[in-house]
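Participant: As they're listed, the protein sequences go chains W and X.
Heads up, my numbering is the position in the first sequence plus 2, with the first residue counted as 1.
Heads up, my numbering is the position in the second sequence plus 286, with the first residue counted as 1.
Careful, some of the hints might be misleading.
Pulled from the structure, derived: some chain X residues nowhere near chain W, Cβ distances all over 10 Å [what the hints assert, rightly or not]:
id, residue
1, 288
2, 295
3, 360
4, 486
5, 489
6, 510
7, 532
8, 556
9, 620
10, 631
Only pairs whose alpha carbons sit at most 16 Å apart, straight line, appear in this in silico EDC-like list of lysine to aspartate or glutamate [to be verified]:
id, chain 1, residue 1, chain 2, residue 2
11, X, 600, X, 542
12, W, 196, X, 299
13, X, 531, X, 633
14, X, 312, X, 348
15, X, 531, X, 520
16, W, 196, X, 633
17, X, 595, X, 581
18, W, 108, X, 299
19, X, 517, X, 631
A few chain X positions that, by computed beta-carbon distances, are all more than 10 Å from chain W [unchecked claim]:
id, residue
20, 388
21, 460
22, 516
23, 591
24, 596
Honestly, the hints are just simulated from the structure, not real lab data.
Here the structure is a predicted model, which is why all the values come from computation and not from measurement.
For glycine and all other residues, C-beta sits at the position ideal for the given N, C-alpha and C.
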Amino acid sequence: MSKLYTFLKYFFITFWTVFVVAPFLWAVSTSFKDFQSVNSKVTYIPWLDFEPTLEGWRVLIKSPAKGGVDIVEPYFNSIFVTCTASLISIVLGTLAAYALSRFTFKAGFVRNNDITFFFISQRIMPPIVLSIPFFIFLSTIGLLDSLLGLVVVYIVLLMPIAVWIMVDFFNRVPKELDETALIDGCNPYQAFYKVVLPNSIPGLIVAGMFCIIFGWIDFFFAFILTFTEVQLLPVKVVALNSSITPWWSLSASALVSVAPLIIVAFIVERYLSKGNLSGALK
Amino acid sequence: MNLIGEKISYKPDEQFHLNDVSFNFKKGNLYTILGRTLSGKTTLLKTIAGLLNPDQGSISFEEKDFIKIPVWERNVAMVYQQFINYPHLNVYENITFPLEQRKLSPEQIKKDVDEALKTVGLVGFENRKIQELSGGQQQRVALARSLAKKAKILLLDEPLVNLDYKLREQLREEFKRIFSEGLSQDTILIYSTTDPQEVMELNGEVIVLDEGRVLQKGPAKEIFENPSNLKVAEISNDPPMNVLKGSKNSKNLNFENISLEIPNHFKNLEDKDYNFGIRASEIKLDENGEEFEIELAEISGSETLLHLKRGNSKIIALIEEVMNFKIHEKVKINFNANKFYAFGEDEKLVSSPYGGTNG
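Generate coordinates for the entire structure from the input sequences, incorporating the hints supplied.
Facilitator: Take a look at the structure:
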């Protein structure tokens, strides 16, 4: 029984690892191939199967004038938009979530839960529904095809995630903790940033991670709301695919695109295992 | 200079959490609030702390209107029944937190914290993380933080309820010492609990709360000896005082086809129907006694609690030894008639063995 269990356990772990890692390895391998190595026959291993070349990578940083595609600028655009929007979403979202978790709001028939649902409903709607209003909105205020416009739209997309995660997180922090801070001489703002916030780091990290992921991978709005002035990475990567598909540079750009997320995942994993509230509060 | 509450009511939903509560707490005294779960104890303490604002009524302290002063300026201290400490700070930082908030000098802070740590017996634990401490130790940290503040009003909300039996006993003993040594003469200490034994041991002034209403106020001894009504008698005894519906005539006390000789303190009692009260500890096993059926036998420590039934009456007897009984077995018991209470049909105390009312 236990032998079978061990066998199955390792079998599935191996299977899953191969399933997840193989495409990456495939992409790594492909990024060093040239036209010949991709199209003649199936090849796997550099130097044995095919002669590796850096052409696929070089194209990414060459300017279009020299026949390249230059993803450097879209790359930094993406970093800027994702980070700015995530940061603002986390700050505003955390404040909103704290208020929703701790205070009671009443306006007509609207209660705390309705407000929380309003935030989440922004994510329930299919993006296509939002695209036209966003387009008109941005063109009216003159922010179409600009970084600032994208930041504004991304805040709308990311803040619900931050609010959602943080409301849930704050609900699990006992309100007696804030009350103790008040009794110990903190005004409500001090209680928030001296006591509640330092104990919310795991929640903030999770929320931040989701904001960064959803911001980074968004293609739809980046595609609809930008044209020539500003381009974000996902749009640029997809645009590589023209009359002939340059598998080598496509693979290379896919690898550079996921790199930041992999780094984020490693950092977050460290933090998540370090910080937790268990045992501190009963 | 006292902490005075007048006609405080708090009704956030359909039910009163506090209903017309008044009090007058004097400095240097210990007050215990006795009541069951959800009787309004925590609400009352939170109202004093300023975490809740009553719908009606006033609270004044040192001749100032307390309700207008926000929590963080009231200088009260509170220990919760949950062990609430700041998880991101170590033991020492937890205790200094309120002192730093008040911008005391570092020397003063060090002195106060060391003193508090000594009082609660946590010297040497300064650099520990809160998560590494046991429940009892966590509660000591919370208490140390409250003591170090030297607040004029110290609120303890069922501080022992989440601890296991042994620790509770131990900490309760220590509380008595801490309260006599660690507190200055102008501190008002308010301690809430569900446990009558704690109330008796702390031996302060007692307020009995039920459904947000004050049922009785007085010294612990007075509450124990002369509970003003049936409800108080139930709340202030553990197990609750037994109630037997019966009557008195010129010769006997009668209930459930049992006749007892009239005890001395009932001699002047009018002949009519009463609710008789008798503590579980005043019922003894007796071969020549009255027959009851066992519904449940619980062993608690070195005692056995017998849940007994006869006719429509259910009572609990406390036997001071560990005995094994079978359920539905019949036992014979005897009542100590000299310890009978008589409550009227309106549930108010009519006569107590300790001389309450007309006895």
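Participant: For this structure, which hints from the list above don't hold up?
Facilitator: 3, 12, 16 and 20
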